[in-house]
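A.B. asks: Listed in order, the protein sequences are those of chains A and B. Using our numbering, the first residue of the first sequence is number 40, and each one after it goes up by one. Using our numbering, the first residue of the second sequence is number 40, and each one after it goes up by one.
Hint data in this document are derived by calculation from the structure and do not stem from the laboratory. Some hints could be false.
Because identical chains share one entry, a pair is satisfied inside a single copy or across any pair of copies.
[Stated by the list, open to error] Within a straight-line C-alpha distance of at most 30 Å, the following computed BS3-like cross-link-like pairs (lysine-lysine) qualify: (1) LYS63 <-> LYS164; (2) LYS74 <-> LYS63; (3) LYS171 <-> LYS89; (4) LYS171 <-> LYS159; (5) LYS95 <-> LYS159; (6) LYS63 <-> LYS89; (7) LYS159 <-> LYS66; (8) LYS164 <-> LYS95.
This structure is a prediction, so every number in the text was calculated from the model and none was measured.
There are 2 protein chains.
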Amino acid sequence: METLGATVWLTGLSGSGKTTIAHKLLKVLRARGLKVEILDGDVVRTNLSKGLGFSKEDRDTNIRRIGFVADLLSRNGIVAITAAISPYRSVRGEVRENTERFIEVFVDAPLEVCESRDVKGMYAKARRGEIKGFTGIDDPYEVPAAAEVVCHTERETVDESVEKILAALQARGHIPSAYAADGERTVC
Amino acid sequence: METLGATVWLTGLSGSGKTTIAHKLLKVLRARGLKVEILDGDVVRTNLSKGLGFSKEDRDTNIRRIGFVADLLSRNGIVAITAAISPYRSVRGEVRENTERFIEVFVDAPLEVCESRDVKGMYAKARRGEIKGFTGIDDPYEVPAAAEVVCHTERETVDESVEKILAALQARGHIPSAYAADGERTVC
Numbered sequence: 040m041e042t043l044g045a046t047v048w049l050t051g052l053s054g055s056g057k058t059t060i061a062h063k064l065l066k067v068l069r070a071r072g073l074k075v076e077i078l079d080g081d082v083v084r085t086n087l088s089k090g091l092g093f094s095k096e097d098r099d100t101n102i103r104r105i106g107f108v109a110d111l112l113s114r115n116g117i118v119a120i121t122a123a124i125s126p127y128r129s130v131r132g133e134v135r136e137n138t139e140r141f142i143e144v145f146v147d148a149p150l151e152v153c154e155s156r157d158v159k160g161m162y163a164k165a166r167r168g169e170i171k172g173f174t175g176i177d178d179p180y181e182v183p184a185a186a187e188v189v190c191h192t193e194r195e196t197v198d199e200s201v202e203k204i205l206a207a208l209q210a211r212g213h214i215p216s217a218y219a220a221d222g223e224r225t226v227c
Numbered sequence: 040m041e042t043l044g045a046t047v048w049l050t051g052l053s054g055s056g057k058t059t060i061a062h063k064l065l066k067v068l069r070a071r072g073l074k075v076e077i078l079d080g081d082v083v084r085t086n087l088s089k090g091l092g093f094s095k096e097d098r099d100t101n102i103r104r105i106g107f108v109a110d111l112l113s114r115n116g117i118v119a120i121t122a123a124i125s126p127y128r129s130v131r132g133e134v135r136e137n138t139e140r141f142i143e144v145f146v147d148a149p150l151e152v153c154e155s156r157d158v159k160g161m162y163a164k165a166r167r168g169e170i171k172g173f174t175g176i177d178d179p180y181e182v183p184a185a186a187e188v189v190c191h192t193e194r195e196t197v198d199e200s201v202e203k204i205l206a207a208l209q210a211r212g213h214i215p216s217a218y219a220a221d222g223e224r225t226v227c
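Make a model of the complete structure from these sequences and hints.
C.D. replies: This is how it looks when you write it as structure tokens:
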């Protein structure tokens with residue numbers, strides 16, 4: 040099946056649910072016969088950004104690289120789903136400007152919820168001062184001003200979040216409108 | 040048009056003709072309705088590998104990044120053409136192992152020919168010692184042991200080189216066999 044492709048840019052705190060949403064979205068889109076790739080923050084840091092740290096400059100460089108690859112994919116008909124904290128508004132805006140069919144998804148969960156999940160034990164380390172410059176603790180997260188989709192993962196199921204993203208993609212014609220009926224189930 | 044995608048990995052000295060072949064190959068494949076991207080060494084160094092130098096380690100990291108992106112593209116049906124010196128055999132082999140439908144193209148021109156072309160004036164600088172670690176001058180180039188295609192750009196036209204690559208892609212079914220007749224014009 041031929042599609043235009045798109046970049047679905049998930050941004051949010053560590054533990055907000057980006058990776059979970061990304062994988063469910065991938066599964067749903069692939070089941071529909073679409074081409075999809077996830078550019079996960081951790082995977083990208085291994086494969087494209089080894090050696091970069093977590094200063095603003097290094098984070099921005101990492102985000103630009105993800106944006107470069109996402110654009111390569113999406114302009115060739117692939118849905119590129121990125122799942123990286125991407126805390127800074129300006130570089131997210133820069134990527135948006137350089138990428139066709141860009142959908143920003145703010146995965147919004149309160150810090151205390153993310154911290155209580157603490158899947159990787161990172162918040163505990165950050166609170167103990169063993170990690171410096173951890174987003175949300177001692178490094179900023181700049182909330183998106185105009186994301187196309189906001190997912191409230193502390194009170195939505197993963198399926199509900201995914202359906203909001205599907206609806207946004209369908210409404211813009213980035214994925215086939217034949218599936219538009221799915222959008223009706225969206226709970227916002 | 041749907042294809043399997045492939046990675047066409049051009050390797051050779053600076054000035055051997057990689058970029059020229061890459062752009063002609065892109066033009067021909069796009070004219071046939073295929074999806075094609077060039078991952079040019081210089082562009083990649085700007086967008087994915089800023090800060091990396093030309094030590095063996097840094098060169099290998101750069102090549103792994105190009106390989107990572109080429110695989111993302113080619114496994115989604117795009118023909119990814121890479122044009123980077125990629126002087127080391129082992130990392131080229133590593134990329135080959137990790138990439139489906141990998142075609143290695145040795146763009147083989149004698150050093151003296153490349154040096155006489157010296158499009159960017161780099162060889163002159165390397166000979167004067169203003170650039171250190173320049174491939175072919177004071178840094179090694181390891182000739183491919185079993186490239187799928189060898190282009191002798193000092194005695195072939197660009198079109199002849201491109202046709203050899205097209206024939207190799209067609210013979211393996213990586214691009215539609217409907218165009219197989221083109222392969223007959225190949226001059227080897």
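A.B. asks: Now look at each hint and say whether the structure bears it out.
C.D. replies: Here is how each hint holds up against the structure:
For the homomeric pair LYS63 and LYS164, the shortest alpha-carbon distance inside one copy (29 Å) is at most 30 Å, but the shortest distance between copies (53 Å) is not. Within a single copy, LYS74 and LYS63 get their C-alpha atoms as close as 14 Å, and across copies as close as 27 Å, so both meet the 30 Å cut-off. For the identical chains of this complex, LYS171 and LYS89 are neighbours both inside a copy (18 Å) and across copies (24 Å), given an alpha-carbon limit of 30 Å. When the C-alpha separation of LYS171 and LYS159 is checked against a cutoff of 30 Å, the pair qualifies only within one copy, where the shortest distance is 16 Å, while the shortest distance between copies is 44 Å.
When the C-alpha separation of LYS95 and LYS159 is checked against a cutoff of 30 Å, the pair qualifies only within one copy, where the shortest distance is 22 Å, while the shortest distance between copies is 34 Å. Only within a single protomer do LYS63 and LYS89 lie at most 30 Å apart by alpha-carbon distance; the minimum there is 27 Å, versus 33 Å between protomers. For the identical chains of this complex, LYS159 and LYS66 are intra-copy neighbours only, at 23 Å inside a copy versus 47 Å across copies, given an alpha-carbon limit of 30 Å. Taking the shortest alpha-carbon separations for LYS164 and LYS95, only the intra-copy value of 20 Å comes in at or below 30 Å, while the best inter-copy value is 36 Å.
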